[in-house]
Amino acid sequence: MKNYITIFVILFFVWFLLNNTLQVEVLIVGLIVSALVTTLVGVMLCVKCNVFSDLKYTPKAILNTFIFLAVFFIELVKSNIDVARRVLAPTRPINPGIVEVKTKLKSKFARMLLANSITLTPGTLTIETRGDSFFIHWIDVKDINVEKASNELIRKFEKYLEEIYD
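Letter by letter, the sequence shown follows residues 32 to 197 in the numbering used here.
These aren't lab readings, by the way, just hints derived from the structure by calculation.
Careful: at least some of the hints might be erroneous.
Dumping the calculated BS3-like pairs for lysine-lysine here, alpha-carbon to alpha-carbon at most 25 Å [unchecked claim]: (1) K190 to K87; (2) K91 to K137; (3) K190 to K33; (4) K190 to K109; (5) K137 to K190.
So the derived label-pair ranges between C-beta atoms look like this [claimed, not checked]: (6) E178 to V60: 46 to 56 Å; (7) K190 to I36: 22 to 32 Å; (8) V64 to K179: 41 to 51 Å; (9) R116 to E159: 22 to 32 Å; (10) V40 to N111: 27 to 37 Å; (11) V64 to K173: 46 to 56 Å; (12) L58 to R116: 42 to 52 Å; (13) P127 to K190: 19 to 29 Å; (14) L107 to I158: 14 to 24 Å; (15) F97 to P127: 27 to 37 Å; (16) E178 to T52: 44 to 54 Å; (17) T160 to I105: 17 to 27 Å; (18) I36 to E56: 15 to 25 Å; (19) V60 to L107: 29 to 39 Å.
The beta carbon of each residue, even a glycine, is placed where N, CA and C say it ideally should be.
Given the sequences, and given the hints that come with them, work out the whole structure.
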């Protein structure tokens, strides 16, 4: 049931963002559409995949969700600026390579979010995940030591995902 409610809330929130209105008619249609889609697709997502089973519904987890999104946005802007500088100033040194980082996350969904967060920030790309190890192509490898690379690349996201999922 928790998965159905989560899917319904996410769908309704997306409906609200896309329509950007508080008109009662639009909200009612959004509730109906969200309920129908949850009913039709929910069986696949909830029973077979059990996508949101590790998600916590505590005030701390909800707060950490917003903090995670803010941290992700800040890292996204910072990495975009860094990559743009490297493109505009080709004399700036780069040191590309693949590094291994280790995560403490247990939830598969949290690991997927972490891998996608890394990939979505320019200059890094998650190539493979194997158990608790992620192999990441990094545009400017600062350290190949697993612990130091983990601290540099994933800890800023991981600490919030731990509070939300594990």
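Here's how the hints hold up against the structure:
no.	hint	in the structure
1	K190 to K87	holds, 14 Å
2	K91 to K137	holds, 19 Å
3	K190 to K33	holds, 24 Å
4	K190 to K109	holds, 19 Å
5	K137 to K190	holds, 12 Å
6	E178 to V60: 46 to 56 Å	holds, 51 Å
7	K190 to I36: 22 to 32 Å	holds, 26 Å
8	V64 to K179: 41 to 51 Å	holds, 48 Å
9	R116 to E159: 22 to 32 Å	holds, 28 Å
10	V40 to N111: 27 to 37 Å	holds, 30 Å
11	V64 to K173: 46 to 56 Å	holds, 47 Å
12	L58 to R116: 42 to 52 Å	holds, 45 Å
13	P127 to K190: 19 to 29 Å	holds, 27 Å
14	L107 to I158: 14 to 24 Å	holds, 20 Å
15	F97 to P127: 27 to 37 Å	holds, 33 Å
16	E178 to T52: 44 to 54 Å	holds, 49 Å
17	T160 to I105: 17 to 27 Å	holds, 24 Å
18	I36 to E56: 15 to 25 Å	holds, 24 Å
19	V60 to L107: 29 to 39 Å	holds, 33 Å
Taken one by one, the earlier hints all hold for this structure without exception.
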